[in-house]
Amino acid sequence: MKVSQYTVHSPRTLPEALNILKDATVRPIAGGTDVMVQIKDDLVKETELLNLSYIRDLNYIRDDGDFIRVGALATYSDLIRSRLVNEYSPVLVEAARTVGAVQIQNRGTLAGNVGNASPAGDGLPPLFATGAKIKLQSAASEREVDIGDYFLGVRKTVRQPNELITEVSVRKMKPGDYYFFKKIGLRSANAISLASVAAVLVPAEVLTFKEARIAMGAVAPTVIRAKGAEAAILNCQLTDEKMKEVGRLASEEARPITDIRATAEYRKQAIAGAVYEGLYEIVNGFRSPVNGSGA
Amino acid sequence: MDALDKVTGKIKFFSDMKIEGMLFARVFRSSVAHANIVTLDTAEAERLQGVRAVLTYKDVPGLNAYGAIIPDAPVLGYGKVRFYGEPLALVAADDQETAEKALGLIKAVYEPLPAVHSMDESLKPEAPKLHDRGNIARHALILKGDVDRAFRDAHLTLERTYRTQSQKHMFLEPEAGIAYTDELGNLNILAGGQNPYRDKMQVARSLNISPEKVRVINYPAGGAFGGKDDVTVQIHLALLATKTKRPVKLVWNREESGVGGFHRHPSLITLKTAVSDDGRLLANDSRIYLDTGAYQSFGPTVLDVTIEVINGPYLIPNIRIDANLVYTNNGISSAFRGFGGPQGNFAIESMMDEMAEEMKMDPIDFRLKNLAKSGDIGPFGNSMRNMEGIHEALSRLRNSPLWRLGKELPPKPWIRRGTGVAIAIKGVGFGTIPDYPTAAVELLPQGKIKVLFSNPDYGQGVNTGNAQIVAEALDLPMNEIEVVNADTQYSPDTGSSSASRGTFTSGNALLVACNKMLDRLRMEAALYLESTRDGIEYASGRFWIKGNESKSVSIYDLAKGLRAKGETLKFEGTFEVPRYPEPVKGTLEVPHVVYMYGAMVSSIELNTLTGYLDVKNVDLMADIGNVINPLLATTQCEGGIVQGLGFATSEELVYNQDEKPMNTNYTTYIVPSIADIPRMYVEFIKTYEQYGPYGAKGMAEIPIVPVGASIANALKQASGVRYYQLPLTPGRVLSKLHEQGQG
Chain U
0 MKVSQYTVHS PRTLPEALNI LKDATVRPIA GGTDVMVQIK DDLVKETELL NLSYIRDLNY
60 IRDDGDFIRV GALATYSDLI RSRLVNEYSP VLVEAARTVG AVQIQNRGTL AGNVGNASPA
120 GDGLPPLFAT GAKIKLQSAA SEREVDIGDY FLGVRKTVRQ PNELITEVSV RKMKPGDYYF
180 FKKIGLRSAN AISLASVAAV LVPAEVLTFK EARIAMGAVA PTVIRAKGAE AAILNCQLTD
240 EKMKEVGRLA SEEARPITDI RATAEYRKQA IAGAVYEGLY EIVNGFRSPV NGSGA
Chain R
0 MDALDKVTGK IKFFSDMKIE GMLFARVFRS SVAHANIVTL DTAEAERLQG VRAVLTYKDV
60 PGLNAYGAII PDAPVLGYGK VRFYGEPLAL VAADDQETAE KALGLIKAVY EPLPAVHSMD
120 ESLKPEAPKL HDRGNIARHA LILKGDVDRA FRDAHLTLER TYRTQSQKHM FLEPEAGIAY
180 TDELGNLNIL AGGQNPYRDK MQVARSLNIS PEKVRVINYP AGGAFGGKDD VTVQIHLALL
240 ATKTKRPVKL VWNREESGVG GFHRHPSLIT LKTAVSDDGR LLANDSRIYL DTGAYQSFGP
300 TVLDVTIEVI NGPYLIPNIR IDANLVYTNN GISSAFRGFG GPQGNFAIES MMDEMAEEMK
360 MDPIDFRLKN LAKSGDIGPF GNSMRNMEGI HEALSRLRNS PLWRLGKELP PKPWIRRGTG
420 VAIAIKGVGF GTIPDYPTAA VELLPQGKIK VLFSNPDYGQ GVNTGNAQIV AEALDLPMNE
480 IEVVNADTQY SPDTGSSSAS RGTFTSGNAL LVACNKMLDR LRMEAALYLE STRDGIEYAS
540 GRFWIKGNES KSVSIYDLAK GLRAKGETLK FEGTFEVPRY PEPVKGTLEV PHVVYMYGAM
600 VSSIELNTLT GYLDVKNVDL MADIGNVINP LLATTQCEGG IVQGLGFATS EELVYNQDEK
660 PMNTNYTTYI VPSIADIPRM YVEFIKTYEQ YGPYGAKGMA EIPIVPVGAS IANALKQASG
720 VRYYQLPLTP GRVLSKLHEQ GQG
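Protein chains in written order, with numbering that gives the first Met the number 0: chain U, 0 to 294; chain R, 0 to 742.
Worth flagging that the hints you see were computed from the coordinates, not collected in a lab. Glycine is no exception: its CB is placed at the ideal position from the N, C-alpha and C atoms. Mixed in with the good hints there might be a few duds.
Stated by the list, open to error - Derived SDA-like pairs (lysine to any residue); straight-line CA-CA distance at most 20 Å: (1) U:1 to R:659; (2) R:128 to R:657; (3) R:659 to U:188; (4) U:39 to R:664; (5) U:134 to U:44; (6) U:39 to R:657; (7) U:44 to U:156.
To be verified - Residues from chain U that face chain R, not an exhaustive set, calculated with beta carbons under 7 Å: (8) 97; (9) 99; (10) 101; (11) 104; (12) 185; (13) 261; (14) 269; (15) 276.
Unchecked claim - Reference listing, derived: stretches of chain R covered by chain U, where coverage requires no fewer than 3 residues with Cβ under 8 Å from a Cβ of chain U: (16) 23 to 37; (17) 649 to 661; (18) 730 to 739.
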């Protein structure tokens with residue numbers, strides 16, 4: 000079906016939008032960086048589009064205690080430019096900078112990345128590594144789902160057809176937390192991730208860690224945590240040997256596929272390398288921790 | 000010259016054009032790679048409302064074949080399909096959607112045949128035969144000296160096999176055009192192309208009409224790089240416009256360009272090369288295989304260029320070249336910037352690096368030692384000319400900061416740095432094939448000079464270069480020069496924009512035309528000023544009597560007088576491209592008289608954890624003769640380097656088991672993005688080509704030729720591992736690093 004053949008709803012307010020969702024099978028669209036491509040490839044089952052662009056109330060990035068509230072219309076460029084996000088979730092900024100190219104960052108939204116539910120979505124591993132919540136609203140109800148419970152498979156989520164993702168709540172990192180985001184692509188920009196990894200490490204003492212969250216993209220049907228690798232980091236000296244072992248453990252937990260971009264074997268090797276790289280950079284002073292004052 | 004109009008969008012490309020009442024065309028393509036066509040049923044598509052014509056092979060009135068060298072590819076397929084995406088039927092409809100829908104109603108029934116995926120398969124005796132004559136489209140054997148004896152006496156002999164891939168042109172404007180019949184009954188075809196007169200001939204031949212009834216316009220096109228050198232949309236448009244008597248527009252989409260368009264020949268080259276104990280090359284025995292795909296297109300002459308570059312610009316006394324053009328079911332390979340050069344260069348320049356290493360010699364010293372000098376007799380009996388440029392280029396690269404500082408240790412242990420060198424040779428034009436480009440200049444009543452020639456300007460800037468040449472020859476400012484480019488109704492036949500020949504051929508032909516114009520005007524001035532032609536001086540558009548500048552007349556005033564007498568003020572010039580009278584035995588057009596040269600150093604950072612290659616710097620020192628327009632020449636070199644970077648590191652058209660191309664758009668076919676572009680430094684060695692217009696040679700192809708080898712050589716230095724296959728994708732790099740214990 001051609002774009003011109005879709006019925007497009009363009010509500011101005013959230014209640015109107017939720018009302019439209021109540022009765023019809025519609026596909027929400029914000030930046031369109033995924034939906035437009037899927038329309039061209041004939042992958043959109045719905046015949047109606049819900050254009051969110053005019054709902055001004057959804058365009059915000061707000062400070063709220065332990066969380067940064069990111070409205071459904073906030074783009075990657077908004078995240079990159081936000082002082083709040085730079086200060087309290089620099090791992091998300093690091094990931095946002097690797098999304099597509101500037102044109103895509105200007106259109107693409109974080110909520111859209113969640114909604115699209117591709118395991119290769121570059122905005123998702125940081126949400127797993129920091130522990131985000133997804134707000135789903137319908138005309139009748141409202142709920143918040145932990146990011147870890149949100150995805151069911153490739154393009155499959157717990158969102159009901161009458162629900163809309165209205166907000167992503169990003170848990171703030173703490174001063175002193177270390178982090179990294181690594182993306183393996185086939186070129187430096189405008190590349191789809193072959194594999195990606197985001198990590199947040201909470202220090203116990205100098206360069207030992209009491210908490211570690213490592214999330215990997217594009218190596219399983221959903222973003223997954225590398226639990227074994229996380230456990231191996233805790234409360235020990237990160238020697239070179241140890242960092243290599245953590246990388247190896249992460250790669251053992253990855254279950255990638257072979258496709259036209261790369262083999263499964265390559266993705267596993269690359270993820271081991273990326274985890275080692277990130278840890279090495281932390282241990283050897285290439286990375287500063289969150290300082291809580293506009294890093 | 001047209002840069003501002005292009006940037007502001009004022010220039011309309013053919014894909015942008017609309018003509019009142021035009022129809023939209025689509026091409027029905029095969030969905031199998033190798034099969035007998037049992038039936039092709041178009042009845043339902045014809046019945047669809049809004050469909051104005053559905054054409055098959057039965058509707059081709061003339062020769063149902065095209066091909067720049069040998070017409071062996073069907074205009075519309077019949078009997079047998081030889082690649083996925085072969086055109087079988089054409090639809091013209093009132094709108095794009097209807098044309099699209101009609102394609103879905105055409106039913107083809109095939110009897111599948113086993114597909115030939117690679118040259119290795121194609122060469123097996125039991126391989127299915129793609130054509131009656133077998134699977135080898137062309138074989139050439141060139142011998143000089145005695146390689147076998149040289150190998151017996153050699154200090155060291157290496158034998159290595161190199162492979163390169165299928166690269167797509169990925170021009171921003173896909174194959175596109177528009178056609179209509181005008182009030183005089185002439186067929187007008189406006190399409191992105193590289194040789195309007197050959198397009199005209201091929202269209203007339205397939206429509207069985209006189210070439211005089213066909214007008215082809217190739218300017219402007221949004222890129223070509225060789226991919227529009229042979230026919231793409233032209234004949235299909237002509238058939239539909241003739242049948243429907245309506246204007247017809249045909250624009251391939253990106254995926255269609257991927258399956259139906261041309262690409263670079265994949266290569267499989269084995270070199271056996273020998274040196275003496277003092278590091279002199281003794282022999283080079285090469286076995287070359289190029290995959291031409293289903294049909295020949297430019298394959299035969301592309302093979303000639305690989306033959307020509309396979310010994311580099313080196314002095315090698317004993318040579319054997321066994322070259323083969325092989326059919327497979329992999330689309331159609333054709334012209335692509337470098338035209339067989341990058342493939343051969345990757346092999347010989349990788350070999351030179353490995354040989355230098357084995358001999359414990361510096362790679363630049365090794366090359367300089369073996370580089371031919373002016374007056375030496377080259378591999379094809381040709382006298383090597385103007386070799387000082389490449390000697391200087393290579394010597395100076397040694398002083399490049401990249402070469403000196405490349406070995407500095409990076410801060411992160413998984414990053415390894417390396418620097419690699421490669422040099423390149425590439426002929427300008429068609430070698431020994433007779434080439435008589437014609438161009439014209441015309442004095443216009445409004446006080447301007449019109450410049451007419453047919454090599455299309457598809458973005459490389461030949462219009463600007465030629466305007467400069469004419470301005471220089473006539474000593475006039477640039478704003479008095481206008482260009483009419485690539486329109487067979489007005490532009491004389493200057494031949495193609497290909498083989499780096501644009502400026503060399505049309506520039507020279509224009510100089511002949513300018514001289515004719517000045518000569519005619521000088522006589523008229525003599526008459527007017529009551530002097531003789533020898534008693535007159537000329538500068539800046541004015542003639543005057545020697546020693547008496549007050550008695551003068553402008554060329555535009557002279558033109559008025561001549562025009563009043565009914566004289567046309569259009570002067571044509573034809574240039575004879577210098578050539579050897581006969582090709583070397585076994586070849587079609589080898590050697591050339593005029594060669595371009597280049598020397599390149601690339602520096603890279605390899606990530607040994609991910610196999611990712613970051614090309615940091617590329618320096619190119621090129622001998623392209625005297626430079627007509629430094630800005631255009633530099634930017635074109637940068638474009639060539641970037642296209643070479645894609646060839647070296649990421650670009651490869653991949654087929655699935657059914658021989659369907661899988662990565663046909665910018666998401667999956669990985670061309671370098673702006674973030675991948677290295678810091679580039681381009682310098683032109685000061686040389687002067689005596690046969691060139693104002694000393695110019697050509698330049699479009701030389702920057703791309705050495706990129707693959709220079710990066711692979713840098714990677715060897717960085718990793719200790721030598722790669723014999725392009726592209727150097729992270730997966731390929733990492734798996735070999737692990738294999739060799741370097742990961």
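Do the hints match the structure? See the list:
1. Note on residue 1 of chain U and residue 659 of chain R: the hinted pairing is violated, with a Cα-Cα distance of about 25 Å set against a maximum of 20 Å.
2. Proximity of residue 128 of chain R to residue 657 of chain R is assessed by CA-CA distance (about 17 Å); at most 20 Å being required, the pair is judged to hold.
3. As the CA atoms of residue 659 of chain R and residue 188 of chain U are separated by approximately 27 Å, the hinted pair breaks the 20 Å bound.
4. A hinted pair counts as satisfied when its Cα atoms are at most 20 Å apart, and residue 39 of chain U with residue 664 of chain R qualifies at roughly 13 Å.
5. Between the alpha carbons of residue 134 of chain U and residue 44 of chain U the distance comes to roughly 24 Å, so the proposed pair goes past 20 Å and is violated.
6. Among the hinted pairs, residue 39 of chain U with residue 657 of chain R is inconsistent with the structure: their alpha-carbon atoms are about 24 Å apart, more than 20 Å.
7. Taken as a hint, the residue 44 of chain U and residue 156 of chain U pair is honoured in the structure, with Cα atoms around 16 Å apart against an allowance of 20 Å.
8. The interface hint given for residue 97 of chain U is broken, as the beta carbon of that residue sits about 10 Å from the closest beta carbon of chain R, more than 7 Å.
9. Interface hint at residue 99 of chain U: violated, since its Cβ lies 10 Å from the closest Cβ of chain R, which is beyond the 7 Å cut-off.
10. Proximity of residue 101 of chain U to chain R is violated relative to the hint, the smallest CB-CB distance being about 10 Å (cut-off 7 Å).
11. Annotation: residue 104 of chain U was flagged as interfacial toward chain R, and the flag is violated, the nearest CB pair being 13 Å apart, outside 7 Å.
12. Interface restraint check for residue 185 of chain U: the shortest CB-CB distance to chain R comes to about 5 Å, inside 7 Å, so the restraint holds.
13. For residue 261 of chain U, the interface hint holds, since its Cβ comes within 7 Å of a Cβ in chain R; the closest pair sits about 5 Å apart.
14. About 5 Å separates the beta-carbon of residue 269 of chain U from the nearest beta-carbon of chain R, less than 7 Å, and the hint is met.
15. The beta carbon of residue 276 of chain U comes within 6 Å of a beta carbon in chain R, closer than 7 Å, and the hint placing it at the interface holds.
16. With a threshold of 8 Å between beta carbons, the proposed coverage of the region 23 to 37 of chain R by chain U is violated, since 0 of its residues qualify and at least three are required.
17. Restraint check on the region 649 to 661 of chain R versus chain U: 3 residues with Cβ-Cβ distances below 8 Å, three needed, restraint holds.
18. Residue count for the region 730 to 739 of chain R with a Cβ under 8 Å from a Cβ of chain U: 4. That meets the three needed, and the coverage hint holds.
The earlier numbered hints that this structure contradicts are 1, 3, 5, 6, 8, 9, 10, 11 and 16.
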